[in-house]
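Visitor: Top line first, the protein sequences correspond to chains Y and G.
Read in order, the letters of the first sequence are residues 1 to 347 in this note's numbering.
Read in order, the letters of the second sequence are residues 1001 to 1538 in this note's numbering.
Because the hints were derived from the structure by calculation, they are not lab data.
Everything numeric in this text was worked out from a predicted model, so none of it was measured.
No farther apart than 27 Å at their CA atoms in a straight line, the calculated lysine-lysine pairs in the DSSO-like style are these:
| no. | chain 1 | residue 1 | chain 2 | residue 2 |
| --- | --- | --- | --- | --- |
| 1 | G | LYS1316 | G | LYS1340 |
| 2 | G | LYS1235 | G | LYS1223 |
| 3 | Y | LYS80 | G | LYS1340 |
| 4 | G | LYS1379 | G | LYS1316 |
| 5 | G | LYS1491 | Y | LYS80 |
| 6 | G | LYS1491 | G | LYS1316 |
| 7 | G | LYS1328 | G | LYS1340 |
| 8 | G | LYS1328 | G | LYS1491 |
| 9 | Y | LYS98 | G | LYS1148 |
| 10 | G | LYS1280 | G | LYS1328 |
| 11 | G | LYS1421 | Y | LYS80 |
| 12 | G | LYS1421 | Y | LYS98 |
| 13 | G | LYS1340 | G | LYS1280 |
| 14 | G | LYS1148 | Y | LYS80 |
| 15 | Y | LYS98 | Y | LYS80 |
| 16 | G | LYS1328 | G | LYS1316 |
| 17 | G | LYS1333 | G | LYS1280 |
| 18 | G | LYS1340 | G | LYS1491 |
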Amino acid sequence: MARGPVRASAIPTILTTLCRSASVNQKFHSPSLLRLATFIPMLRFITSRLLQSLLALFLVITATFFMIRFVPGGPFTAEKAVTPEILRNLEAHYGLDKPLWRQYLDYLGRLGHGDLGPSFKYPNRTVNEIIADKVPVSAELGLLSLGVALIIGITLGTFAAIRRNSWIDYLASTVGMTGISIPSFVVGPLLVLGLAIHAGWFNASGWYGPADRVLPCLVLGFAYAAPISRLTRGGLLEVLNQDFIRTARAKGASEFRVITRHALRGGLLPVVSFLGPAVAGILTGSFVIETIFQIPGIGREFVNSATNRDYTLVLGTVILYAVLIMALNLVVDILQAWLNPKVRLET
Amino acid sequence: MRPALLVLLVAVVSFCTAPGCLKRESAVQRGNRDQVLHRGMGADPADLDPHTATNIAEIDVTSALFEGLVAEDPLDLHPVPGVAARWDISSDLLTYTFYLRPDARWSNGRPVIATDFLASWRRVLTPSLAAENAGMLYVVQGAEAFHKGATSDFAQVGATAIDARTLRVVLEHPTPYFLSLLTHPAWLPVPIATIQAHGEAYTRGNGWTRPGRHVGNGAFALKEWRPNDKIVLEKSPTYWDAARVRLSAIHFYPIESVEAEERSFRTGQLHITYGLPFAKVDAYRRNSPALLRTDPFLNTYFFRLNVRQPTLANEKIRRALALAVDRKAIAEKLLHGGQKPATTVTPPGLLGYTPPAGTPSDPTAARALLAEAGFPGGKGLPNIELLHNTSANNRLIAEAVQEMWRRELGIDVTLLNQEYKVVLAERRAGRFQILLGDWVGDYLDPTTFLDLWRSDSGNNHTGWGNAEYDALLFSAARTADAATRAQLLQKAEALMLAAAPIVPIYANTHVFLVQPSVRGWHPTLLDHHPYKHVWLEP
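Between the sequences and the hints, there should be enough to build the whole structure, so can you do that?
Guide: As structure tokens, this is what we get:
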């Protein structure tokens, strides 16, 4: 990106200098000016990233709109042929009889008002309704899984780092490698076989009661716990060798305090960078879990919409995921800057 | 760790993992007690409007929500009284007079009357609704003209309400299977007043089928519908024969993955599955034969040969290909679900119709035909492509036939697989040479298979057409005598198979799992199981 006449990173320095001179002169000491010094670059950064995201979103919408149209077969292509008259009526009902550019402009026009259009597969449901109906389910699955992934991953990673090269380290790396290597479509059915079919503790499918959350969240969480544990271990090992840890220990802080209060903050930085793509991955990649466990989430709709050629639902879900991924990346960038002052807010 | 604590921990773990511990009452056990049937239904229904229902799942649910003039017998699906308590048929088989029962009611309490049927049929035939199955009503005089817009006057269509409880239908030509046809969703009555209360009745996307709005006249009423999750129907108190309905509710589960569905069956979440993974049939046959069902089904698998392609335009080559397929090996060694080798396109079991001898497996005759066509031992024959849609079963069949043709005829066939809708688009455009496909009959008559190969049929796709074949079907449609009609159809089928625009492979079965508590779920050719006759024996 082109930069303005004053470098963004220079603004806090200028403002801080101003504040300092002001406080020295004892004329207009202002803590709010100090806050402004850090706030302005942040605002600039967010605005710029939002504009970039909007452009990217527009390109994603345009590419998806035309790509799905060029795929052979349409929403009304079915085993049983309909007469040309019926097909014409169906196409006219959904506006598919208009030229493609016209349909594209119509779509953008509707989108401007937040209307994602009617679904082609579900004649009496709109894409907005389907998304509003399914996103909470996937979000619940995703958040619970993320919780599982963080608890297992950070715990294992921390113990592995503290007891480096001990049995717990080897156990953590074994669990980590297992989680990375065995796909969830193998772990899922295996867990169902053991805990649902043989032990009879859980249902094999569905999303009805709290017990139905256990297996899917474990499977999805386990897959992400593995990289989190590896990243935590690596991050912590690096931090544990640094001077401020030695200082903390020299002060007489307990090992627990050293790890939780001092080391983890820096040690978790790689995990935070990983969280952006991980959250996006958990939400978009929940399709496999949703299919194995028959969870009525948006992941299944996303994949089924493509096979059904449900044009508007394909676009709706793509837009949803695009916005989600962009927002998550932005949040991660901001979080990283907050956790690590060394990271500059680059526009 | 203290020894006592360790012992306690081991005891708790072994107690909890022991079979039976912490096991809850399953949905099936609860269902058996409360007469609630849990049914796996495969695909997710797009809508619960019978007039736009196309897939098997939609037809299944709407069959419980609505009832037509006639209903189906649970054993062999022969027509039994439904909303019509009785009917008269004229001697020329052209005029049907239905007498509606006075106690037939919609789920909102309103009576079901003759004009409800007229308004419903008008809706199906109105072009703006774009009902895929409107063609089902073409047997009624003037229906095709109205549907195609030749007239906008519904009075021209041969259906009249004599009074509130008497309905007369005049047919275009004698149709021996007309009463069976009436159970198809396209013929079911819909509550026009309710539909209009929620929007335009003659276009799609009205929204009247949502829970709380839905009104039907069947044995069950819609209670809950969560797309891609669950559909709940409850016994309808307004149904005229409610006293005989034993199930209190039906829960339908759209589970696309047959593996997930089988796991749900094993954990006691389902009474009946829609399907069964191919690889598990043998295991069930060995270990739990009582749970496995392989029912006959009105479904034939075959290859379409595109006669517009230069190589396949030669009838001798087509016949050689048809004769070289070892159907017995495919049905018995490859598929394990009781499928039967098919030498004809009409499957066995259709009452009153014996299919012709059809296409046997005769590799010697096949080799001779290929030599006659100028390609002895397959030498010089251009490469042929076989297209199928991506699925493990289809791949198995395609590979087996590829090997049979190579071994018996010396022909090299290239296999191509594409995603389902791509295959359909290629088929419509005629961009294929050989295509693996199947057909499920809509009603119990051979014409549900034979009409496909008429030269004007939109489902033919082979490019083959024969005036004599068309004429035989035309005459059969206008023949009132059942035996003569069957002969005409048999002759037509023999003629078509001899020209080999298609190569029949096997008559499919419906393979699924069912809990022993389910009663009244009889094997029927259309895989219809009228829910009012189903119950659970705890």
